[in-house]
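Next come the chains, spelled out residue by residue.
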Amino acid sequence: MKRVELIDVSKSYDKQVDVISNINVTIEPGEFFVLVGPSGCGKSTMLRMIAGLEEITGGTLKIGDKVANNLTPDKRDLSMVFQNYALYPHLSVQQNITFGLDVKRMKKEEQRRKAKEVAAMLGLSDYLDRKPRELSGGQRQRVALARSIVSETPICLMDEPLSNLDAKLRAHMRSEIRRIQRQLGITMIYVTHDQVEAMTMGDRIMILHEGKIQQVGKPIDIYNYPANPFVATFIGSPPMNLAKAEFDKATSELVLGGEIRLPVPMDESGKLPTTTMTVGIRPENLYPVTPETKAEDIFHTTVTNVEILGNETVFSFTIGEEEWMAKWSGQWHIDIGDQLPVRMEFESISIFDGQSGELLKRTVDHGNYVTTKEVQA
Amino acid sequence: MSTFWRKSVDARTAVLYLLPSIILFSVFIFYPMFRTIYLSFFLTDQNGNAAINVGFENYQYLLSSSEFINSTKATVLFVLYTVPIGIVLALFFALLANEKLKGIGFFRTMYSSTMGISVAASSVIWLFMFNPSIGMFNRLLSVFSLPQIQWLLDPEWALLSVAISTIWMNLGFSFLIILGGLQNIDEHLYESSRIDGAGYFYRLRRITLPMLSPTLFFIITISLINAFQTFGQIDILTKGGPSQSTNLIVYSIYREAFINYQFGTASAQAVVLFVIILIVTILQFKLVEKKVHYQ
Numbered sequence: 001m002k003r004v005e006l007i008d009v010s011k012s013y014d015k016q017v018d019v020i021s022n023i024n025v026t027i028e029p030g031e032f033f034v035l036v037g038p039s040g041c042g043k044s045t046m047l048r049m050i051a052g053l054e055e056i057t058g059g060t061l062k063i064g065d066k067v068a069n070n071l072t073p074d075k076r077d078l079s080m081v082f083q084n085y086a087l088y089p090h091l092s093v094q095q096n097i098t099f100g101l102d103v104k105r106m107k108k109e110e111q112r113r114k115a116k117e118v119a120a121m122l123g124l125s126d127y128l129d130r131k132p133r134e135l136s137g138g139q140r141q142r143v144a145l146a147r148s149i150v151s152e153t154p155i156c157l158m159d160e161p162l163s164n165l166d167a168k169l170r171a172h173m174r175s176e177i178r179r180i181q182r183q184l185g186i187t188m189i190y191v192t193h194d195q196v197e198a199m200t201m202g203d204r205i206m207i208l209h210e211g212k213i214q215q216v217g218k219p220i221d222i223y224n225y226p227a228n229p230f231v232a233t234f235i236g237s238p239p240m241n242l243a244k245a246e247f248d249k250a251t252s253e254l255v256l257g258g259e260i261r262l263p264v265p266m267d268e269s270g271k272l273p274t275t276t277m278t279v280g281i282r283p284e285n286l287y288p289v290t291p292e293t294k295a296e297d298i299f300h301t302t303v304t305n306v307e308i309l310g311n312e313t314v315f316s317f318t319i320g321e322e323e324w325m326a327k328w329s330g331q332w333h334i335d336i337g338d339q340l341p342v343r344m345e346f347e348s349i350s351i352f353d354g355q356s357g358e359l360l361k362r363t364v365d366h367g368n369y370v371t372t373k374e375v376q377a
Numbered sequence: 001m002s003t004f005w006r007k008s009v010d011a012r013t014a015v016l017y018l019l020p021s022i023i024l025f026s027v028f029i030f031y032p033m034f035r036t037i038y039l040s041f042f043l044t045d046q047n048g049n050a051a052i053n054v055g056f057e058n059y060q061y062l063l064s065s066s067e068f069i070n071s072t073k074a075t076v077l078f079v080l081y082t083v084p085i086g087i088v089l090a091l092f093f094a095l096l097a098n099e100k101l102k103g104i105g106f107f108r109t110m111y112s113s114t115m116g117i118s119v120a121a122s123s124v125i126w127l128f129m130f131n132p133s134i135g136m137f138n139r140l141l142s143v144f145s146l147p148q149i150q151w152l153l154d155p156e157w158a159l160l161s162v163a164i165s166t167i168w169m170n171l172g173f174s175f176l177i178i179l180g181g182l183q184n185i186d187e188h189l190y191e192s193s194r195i196d197g198a199g200y201f202y203r204l205r206r207i208t209l210p211m212l213s214p215t216l217f218f219i220i221t222i223s224l225i226n227a228f229q230t231f232g233q234i235d236i237l238t239k240g241g242p243s244q245s246t247n248l249i250v251y252s253i254y255r256e257a258f259i260n261y262q263f264g265t266a267s268a269q270a271v272v273l274f275v276i277i278l279i280v281t282i283l284q285f286k287l288v289e290k291k292v293h294y295q
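Chains A and B are the protein sequences, given in the same order.
Be aware that the first sequence starts at 1, since it is given in UniProt numbering, and climbs by one per residue.
Be aware that the second sequence starts at 1, since it is given in UniProt numbering, and climbs by one per residue.
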């Protein structure tokens, strides 16, 4: 277990344009830290900088409490799982697992014992004598994992380790990796472009975009309180609906996309800027209308697309120039072209500054609590 | 009959598709090959027509001929001089040129450039360099006040000299093939081993060489066959001399056939060479290929 600290880290290939800049983050010992972002955002580069495979051109990297900028990869006390697993095709599974131990001149017997131990842990015991090409994708992935576990390093780096697996196996390996990380207490730095992996695996996640940190925090906080419109649309599926909006002082209403007028409570109206804003709302916070719904919270839409996913129904419609989506739980019989009333409440919307994208108003906490009292009563 | 005709429709179609290569191979490979084997059992007239069937006499003559035994020895020595050194050198240069350095493209071009020079042209260049009075090598020796060497004229040195020039000529091709093999190795394997702390020679031994083994196997096979078939540089540099020391089998075949007009014994030599190369290649596949790792 070791802390990894990045202070003002930046990277440029041509000494002019930074592909990564101003990275300040501390990854706590034993933490599962996920780096997530769209492809080309610099997340893999950042991981490789931590691993020592890429040079750090600015700032300080600390591993443990030591400055590690100029340490060679093997002196950084970490292991890494590559996207294509980087298994040695000419070596057996056992030799692949013990490669790093052999480099460190560990006794053969000891190597074999450790390989067996780790193989048992990952269900690879029957495959120790096979070559990687004789394994399935999931098994190869496990070998790569075993190789990193057997090194017993306090830090483990993973570069999109699940992206070559099919959906079912991916879900399985997700929980498996998480279980092993908890069991061994490793500090894990995990790169992915998949927001589901980020949400489900990370203790904390960091969202990168164009080499800059967008937000760092617990997955649920990032989901609830995205720092800017980019994060809002990147995390969550379907993404958060966004629309340009203005505040109409005369009627104390928000005007969304020039169409929807949403009344603003008296105590909130003072906090809103007079300039343009971006208003966001999660698809699950657009509700069907019930008899209790206040008339001013309702707006009418024309359905442009419907997807019934079994336990929930997602339909889209157009607001201004944006396509919005709403997610209703249960199965709804909606057809394309239907006129549909939808309820939206001021308390569930997020408001971002129109220029800087900064979050101005958060949504209320939609979280539920299980209270044993109610059940007893 | 008509049912046979109908049943064989697939076979006939297949033969039709194969016809172009069957014709080409027949004209340029099969016919000359069988003609050579046929001729090796005959004494021929001056035009190379079979005259008297002598059975295995040509072969008996060859095996007792000190000239042919000398040729075979020289050929084997020549192969031993050129192939291992040539491949080790090419591997060394390829490893150097595979490093990510500034301007490495220049060196890659230079190292592979001998591929673009014909055997004849480069032999002429080497002829000048080996020249005892005006050649570069003897000039160099005299600068360091070392005794002069009669490179191509001394029976002790001639085969070695030809071998040196041959190594140089073949370097480009071997280099290019090996460099290609090196660049095919997944970079992540090296990165992963660097994280494990493997040093350069450990990586070379446990990753590079095993991963390169198919390429090395290929280039060794090709180089062996090429070395056994060396002709051009012998013809230009030494003409088989001095005192037969560089009279390699192919050159000996050429002399026997086109200077002495003994097409029968020449063909017999060709068949013997064919058998030698065949055996060496089979041995290689049997013994060495086991150690080759294919993806």
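Take these hints with a grain of salt, some might be off.
[Unchecked claim] Calculated cross-link-like contacts (lysine-lysine; reagent style PhoX-like; alpha-carbon spacing at most 25 Å): (1) A:361 / A:212; (2) A:104 / A:114; (3) A:294 / A:244; (4) A:75 / B:100; (5) A:108 / A:66; (6) A:104 / A:116; (7) A:271 / A:249; (8) A:15 / B:290; (9) A:131 / B:286; (10) A:107 / A:131; (11) A:249 / A:62; (12) A:249 / A:361; (13) A:249 / A:218; (14) A:131 / B:7; (15) B:73 / A:131; (16) A:75 / A:107; (17) B:73 / A:108; (18) B:100 / A:15; (19) A:249 / A:212; (20) B:239 / B:73; (21) A:131 / A:104.
None of these hints come from the bench; they were simulated from the model.
As the structure is a computational prediction, the values presented were derived from the model and not from experiment.
Inset, instruction - Would you mind confirming whether the straight-line C-alpha gap from residue 15 of chain A to residue 290 of chain B stays at or under 25 Å? - result: Roughly 49 Å between the alpha carbons, so the hint for residue 15 of chain A and residue 290 of chain B is violated.
Legend entry - Distance restraint between residue 104 of chain A and residue 114 of chain A, which requires alpha-carbon spacing of 25 Å or less: At roughly 14 Å apart (the allowed maximum being 25 Å), residue 114 of chain A and residue 104 of chain A satisfy the hint.
Legend entry - 25 Å limit on alpha-carbon distance, applied to hinted pair residue 131 of chain A and residue 7 of chain B: 45 Å, violated
Inset, instruction - For the pair supplied as a hint, residue 100 of chain B and residue 15 of chain A, confirm whether the alpha-carbon distance does not exceed 25 Å. - result: The given pair, whose Cα atoms are some 19 Å apart, holds under the 25 Å limit.
Legend entry - Pair hint residue 249 of chain A and residue 218 of chain A, alpha-carbon separation not exceeding 25 Å: 36 Å, violated
Legend entry - Distance restraint between residue 73 of chain B and residue 131 of chain A, which requires alpha-carbon spacing of 25 Å or less: Answer violated: residue 73 of chain B to residue 131 of chain A is near 43 Å, above 25 Å.
Legend entry - 25 Å Cα cutoff - pair residue 131 of chain A, residue 286 of chain B: 22 Å, holds
Legend entry - Given hint residue 361 of chain A paired with residue 249 of chain A - CA-CA distance at most 25 Å: 18 Å, holds
Inset, instruction - For the pair we were handed, residue 75 of chain A and residue 100 of chain B, check the Cα-Cα distance against 25 Å. - result: Since the Cα atoms of residue 75 of chain A and residue 100 of chain B sit roughly 23 Å apart, the hinted pair holds (cutoff 25 Å).
Legend entry - Pair hint outcome, residue 107 of chain A versus residue 131 of chain A [Cα-Cα no greater than 25 Å]: 22 Å, holds
Inset, instruction - Measure nothing beyond the straight line between the CA atoms of residue 239 of chain B and residue 73 of chain B; if it is 25 Å or shorter, mark the hint as holding. - result: 17 Å, holds
Legend entry - Straight-line alpha-carbon gap residue 73 of chain B to residue 108 of chain A, limit 25 Å: 47 Å, violated
Checked against the numbered hints above, the structure violates hints 5, 8, 11, 13, 14, 15, 17, 19; every other hint is satisfied.
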